[in-house]
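J.: Here is what each chain is made of, one letter per residue.
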Amino acid sequence: MPESTVILNAAAIQRALTRIAHEIAERNESSAEVVLAGIPLVGDQLAFRLGKILSDIWKLPVPVGVLDVSMHRDDLDQRAAPMIHPTTMPFDVTGRTVVLVDDVLFTGRTTRAAMDALNDFGRPKNIQLAVLIDRGHRELPVRADFVGKNVPTAVTEKVRVRLDIPNQPDEVVLEK
Amino acid sequence: MSWNRKHLLDVESLTADEIVTVLDTARAFKSVGERAIKKVPALRGKTVVNLFIEPSTRTRISFELAAQRLTADTVNFSADASSFKKGETLKDTARNLEALNADFIVIRHSASGAPHFLSRVVNASIINAGDGAHEHPTQALLDAFTIREHKDKFTGLNVTILGDILYSRVARSNIWALTKLGAKVTLCGPSTLVPKTFEQMGCRVTHDVDEAIRNADIIHLLRIQHERQRKTMFPGIGEYTSLFGLNKARLAKTKPDALIMHPGPVNRGVEIDSEIADCERSLILEQVTNGLAVRMAVLFLLNGGKGPQEVA
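From first to last, the protein sequence lines stand for chains H and W. Heads up, the first sequence is in the working numbering, so the first residue is 117 and it goes up one at a time. Heads up, the second sequence is in the working numbering, so the first residue is 135 and it goes up one at a time.
Among the clues, some could well be false.
What the hints assert, rightly or not - A partial selection of chain H residues facing chain W, derived with a Cβ cut-off under 7 Å:
id	residue
1	Leu-176
2	Pro-177
3	Met-187
4	His-188
5	Asp-193
6	Ala-197
7	Ile-200
8	Pro-202
Said to hold, decoys possible - Computed list of lysine-lysine pairs in DSBU-like fashion (alpha-carbon distance at most 35 Å, straight line):
id	chain 1	residue 1	chain 2	residue 2
9	W	Lys-285	H	Lys-168
10	W	Lys-173	H	Lys-241
11	H	Lys-241	W	Lys-164
12	H	Lys-274	W	Lys-140
13	W	Lys-140	H	Lys-241
14	H	Lys-292	W	Lys-140
15	H	Lys-168	W	Lys-140
16	W	Lys-164	H	Lys-168
17	W	Lys-287	H	Lys-168
18	W	Lys-164	H	Lys-274
19	W	Lys-287	W	Lys-172
20	W	Lys-173	H	Lys-168
21	W	Lys-173	H	Lys-274
Keep in mind that the hints were calculated from the coordinates and are not lab data. Backbone N, C-alpha and C fix where the C-beta goes; we use that ideal spot for every residue, glycine too.
Modelling step: build the complete structure from the supplied sequences, incorporating the hints.
T.: This is how it looks when you write it as structure tokens:
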């Protein structure tokens, strides 16, 4: 068994999301323009949670989409084919502010793929990035606009975000 | 999720888990076809060669479009316009294609086992697009995908395959796929085309069409493959139609939610009445749409490297 430490517990995850939602609301004055796009497997769950909090802040429904980016990855022929998930973007992204939501920001390659994938759906006015954990080790010039928690890690360590697993509390763990 | 294969040669060697992986992957690719921009960059820079030594329109176009929607480059190679006419062997042709750095070779050939042979002599990924009367794996996968979209599950599902089973690679691949997934398969047709030996593959054989389709959830029709039959296997087309053709009267005696499938090309008025082929219970055109998604999924999965499963 790898050694693992809990970085965020369920309450801390919820607090971080609430703060991020307020930061998104602060940054984007025209609330009607904002849509969220979560990246599976965990980013989409986070996006739906963020969407709910934001709707309460703005008193207005915030559209949430699911954006699978595996077809846009740059390492497809180097690793086993990833599991791909259906993409559902039930809104037009053209002219809107799209907040990409992912669980962990690491190399930045998923974010790059996500920006490519978004282009297939239109031309957003702005793209912003919200992540629960920023663990460093960027390989591309990518930076998050909204961060739940910065966690210094070694490259070999793993950060796992577990949400909505039956009979298990929500948590973020660092595995050594 | 499990997929570690380089080639797709047959359904016989796939596990149920692998089949489900293809179907799940295809679901995501189907939605790509419904977007304004129907293209993703997953196979950018790869070359797919369609080596069709036996005529085909539907399958070739489907593979070509699938590759193009994944941003691969495609080259088509057909029997009558090729060096086969000049006496080149299959092995030499394939090695020439490889010398041009083809990453995938999609092959259709009249000889059973031709794709397996190619997979041993070249380094490219080989996809069987139909080899003789042996297998047509992508057809069975797209049929399973179509069935799952409508019936949700395979366990306990009654699937009747009706027609020329003996010469049908579609039947063989479908039998493998459906029995692995837990469906109950019944085969029906003239006794000369549906020998009892097929019971060894785990299905039921009957020559009474009304009995065969009475409890079916899916009625899968097959064309009579005149081109493969060495001699006439039954007295005549007219007799086949009256004994085994699907018509209104026969359909009325089936389950009201039984659905009709056909891999095409359809011979209207022979194995199926024209109006039934176009009725709302017919999935024939959906099969074509799904074929594209399934072939994209197969190309995508075969393109995966040998690295760790997990993608961060």
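J.: Please go over all the hints and tell whether each is borne out by the structure.
T.: Now the hints, each set against the structure:
1. Leu-176: violated, 27 Å
2. Pro-177: This interface hint is violated because 23 Å lies over the 7 Å limit.
3. Met-187: With a closest approach of 4 Å, the Met-187(H) hint holds.
4. His-188: holds, 6 Å
5. Asp-193: holds, 5 Å
6. Ala-197: With a minimum Cβ separation of about 3 Å from chain W (threshold 7 Å), the hint on Ala-197(H) holds.
7. Ile-200: holds, 4 Å
8. Pro-202: holds, 5 Å
9. Lys-285(W) - Lys-168(H): holds, 34 Å
10. Lys-173(W) - Lys-241(H): Distance ~22 Å between Lys-173(W) and Lys-241(H) Cα, so the pair holds.
11. Lys-241(H) - Lys-164(W): Between Lys-241(H) and Lys-164(W) the Cα gap is close to 28 Å, so the pair holds against 35 Å.
12. Lys-274(H) - Lys-140(W): Between Lys-274(H) and Lys-140(W) the Cα gap is close to 29 Å, so the pair holds against 35 Å.
13. Lys-140(W) - Lys-241(H): It is violated: about 42 Å lies between the C-alpha atoms, which goes past 35 Å.
14. Lys-292(H) - Lys-140(W): holds, 33 Å
15. Lys-168(H) - Lys-140(W): violated, 44 Å
16. Lys-164(W) - Lys-168(H): holds, 29 Å
17. Lys-287(W) - Lys-168(H): holds, 34 Å
18. Lys-164(W) - Lys-274(H): Holds, because 33 Å separates the two Cα atoms, which is no more than 35 Å.
19. Lys-287(W) - Lys-172(W): With a Cα-Cα distance of about 29 Å, the restraint between Lys-287(W) and Lys-172(W) holds, given a limit of 35 Å.
20. Lys-173(W) - Lys-168(H): holds, 32 Å
21. Lys-173(W) - Lys-274(H): holds, 33 Å
In summary, the structure is inconsistent with hints 1, 2, 13 and 15 from the numbered list given earlier, while agreeing with the others.
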